[in-house]
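As a plain string of letters, each chain reads:
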Amino acid sequence: MIKTIKLKDAVGMKLAHDITEIRPGEFKGAAFRKGHTVCNEDLCRLQKLGKNHLYLIDLEADEIHENEAAAIMAEALAGNGVVWKNEPREGKIGLKADRDGLLMVNVSALAAFNMVEEVMCATLHNHTMVKAGELVAATRAIPLVMKRAPIERAAAIAGQNGGVVSVRPLRKGKAGLIITGNEVYHGLIEDRFAPILIRKLTDLGSEADRISFAPDDTEIIRQAICTHIERGCDLILLSGGMSVDPDDVTRKGIRLAGADEIHYGAAALPGAMFLVAYIGKVPLIGVPACGLHHRTTVLDLVLPRILAGEKIGKKELAFLGHGGLCQDCPECTYPHCAFGKGN
Amino acid sequence: MQDFDTLLKNSAEAHGHLCPGQVVGVRMAMLGCRLIDLDEPTSHKQIKKLIVYVEMDRCTGDAVAYVTGVKLGRRSLKFMDYGIMAATFVNLETNNAFRVISTEEARDLAPVYAPEIPEKYPQQLEAYKRMPDSVLFRVQKVRVDMSEYDMPGPTRKKVSCSRCGQMVRDNREVLQNGHILCKPCAQGVYFSEAEEITWPNMNWTPVQKEQQLFDATKALRHEGK
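Going down the list, the sequences are from chains A and B. Everything in the first sequence is counted per this note's numbering, starting at 70 for the first residue and increasing by one. Everything in the second sequence is counted per this note's numbering, starting at 264 for the first residue and increasing by one.
Bear in mind the hints are in silico, worked out from the structure with no lab data behind them. Worth double-checking, as some hints may not be accurate.
[Claimed, not checked] Derived lysine to aspartate or glutamate pairs resembling EDC-like cross-links, with alpha carbons at most 20 Å apart:
(1) B:K311 to B:D413
(2) A:K380 to B:E379
(3) B:K404 to A:E330
(4) B:K404 to A:D278
(5) A:K383 to B:E389
(6) A:K383 to B:E379
(7) A:K216 to B:E389
(8) B:K404 to A:E132
(9) A:K384 to B:E379
(10) B:K404 to A:E221
(11) A:K384 to B:E389
With the hints as extra help, turn the sequences into a complete structure.
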């Protein structure tokens, strides 16, 4: 139960919640913390903050204070690789990554959680690369005091399948690169693909263990794939030959190598002719030629997910569609743009 | 209790079609039974322990009745005409009762839980299978004080309406100015212009033998003329 009392009668009482001060462009935070005992000196500042009345809280058995609610919800929302401190500020608790990795957001559980009355949680986008210590989500209860049951139901929703937000570490991939194309193989032009792929791999903490070049010949491509896998590569990247020309035979080479699952085509631009296949547990990624021209392509969306252990199939490639259109800005600001953020 | 898929298949067959309401109803009944500790509600041992109050006459209601085995005629199914997607499950042995309410937000969340399905009803059907109970339902622990006249078992009271003479069972009569009345006489009825009639083939019975013999003899007599 909440009672309202006049400010002048509040001297000696403890504040029921943090009182926020906002100085535009300068400061936003708690001017007074919950539990602070109001004294005569505070009255003037409180009035300047627009407070002429304060709340006195007397919780009923089935009621809960916003700070306790935030802690219950934070505990349920936080999955593996996410930590939080029970130090609510203005009723909010932040959830932080406790390791580098890929943020995974259970989007349906998050939506269901936020549909419960009087609670909220906001997160970064699903599949965002995050660093240890980075804020990935924040939660709070909306009112100062509320019934306990809805909070516990919201927590149950958040806790399904290991929490709403988790951070998956990226494995250190040992990648085998296969640069296909007669023009490069026969030395007509210089390869520019390998350095790009190597940089993308090393940026994610993986390494290009082996590089081989293959002409537009299915058998040679097949052999190159098999050799890389035999020699311990746990990730294969193939560039070129992914298009629809008669010389584009990389897909056939992948099939001949024994891929039991091939997904060709992704709902992203650049990168529509992207391919993901699997030989046993080894993922094979077919990077179309757009990877040469655009700084950011579908590869940047999918590679971290594969290294985080996610199985990429038809559904995952199809769901890239919403937000999968690169705006091709003169200066690429990815990941600080909308590309790949819609799923 | 059978598994969800079997219950849904059989419930949909009994109901006449498979629809999102069936999914919600089967799950509502499974949750309700779990809350009142009945794992085999249709078994001989448990069937008399259960009363279910259904608050809607929609597909969901049929599924709840199918899974729990409650029936209007057994007095184990109570229909409360609230138009609310909810049902209350009462264990007569323990007196525990829980009201399970289907959440409105589940409808809005269907596209989030089954985004790959574009059509509304197939999407809801699949999404309602995927959602956890916590998203699909809210639950209230409630107390249900049942009158002895609402309990299963033999008729406990019969009286005649002082106006129309109709027999009224189970305390459903109304006392008005010292007169015992049936509800139609006391409160009005859902129909109008009632007029007693005769109808063709009035003497039909499921056991036709004697009537047929009588009719055949009568026909022969006519021919003899």
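Exercise. Is K404 of chain B close enough to E132 of chain A, meaning Cα to Cα at most 20 Å?
Worked result: This hinted pair holds, its Cα atoms lying about 17 Å apart.
Exercise. Taking 20 Å as the top limit, are the C-alpha atoms of K383 of chain A and E389 of chain B close enough?
Worked result: 19 Å, holds
Exercise. For the pair supplied as a hint, K404 of chain B and E330 of chain A, is the alpha-carbon distance within the 20 Å limit?
Worked result: The hint is violated at about 50 Å.
For this session: Given the hint that K404 of chain B pairs with E221 of chain A, test it: the Cα-Cα distance must not exceed 20 Å.
Result: 15 Å, holds
Exercise. CA of K384 of chain A to CA of E379 of chain B, is that 20 Å or under?
Worked result: 8 Å, holds
Problem set entry | Hint consistency between K383 of chain A and E379 of chain B [alpha-carbon to alpha-carbon, up to 20 Å] | 11 Å, holds
Exercise. If you draw a straight line from the CA of K384 of chain A to the CA of E389 of chain B, is it 20 Å or shorter?
Worked result: 16 Å, holds
Exercise. For the pair supplied as a hint, K380 of chain A and E379 of chain B, is the alpha-carbon distance within the 20 Å limit?
Worked result: 17 Å, holds
Exercise. Keeping to a limit of 20 Å between CA atoms, is the pair of K311 of chain B and D413 of chain B held or broken?
Worked result: With Cα atoms ~13 Å apart, K311 of chain B and D413 of chain B stay inside 20 Å; holds.
Problem set entry | Given hint D278 of chain A paired with K404 of chain B - CA-CA distance at most 20 Å | Given that 20 Å is the threshold and the Cα spacing comes to 62 Å, the pair is violated.
Problem set entry | K216 of chain A paired with E389 of chain B [C-alpha distance capped at 20 Å] | 32 Å, violated
Checked against the numbered hints above, the structure violates hints 3, 4 and 7; every other hint is satisfied.
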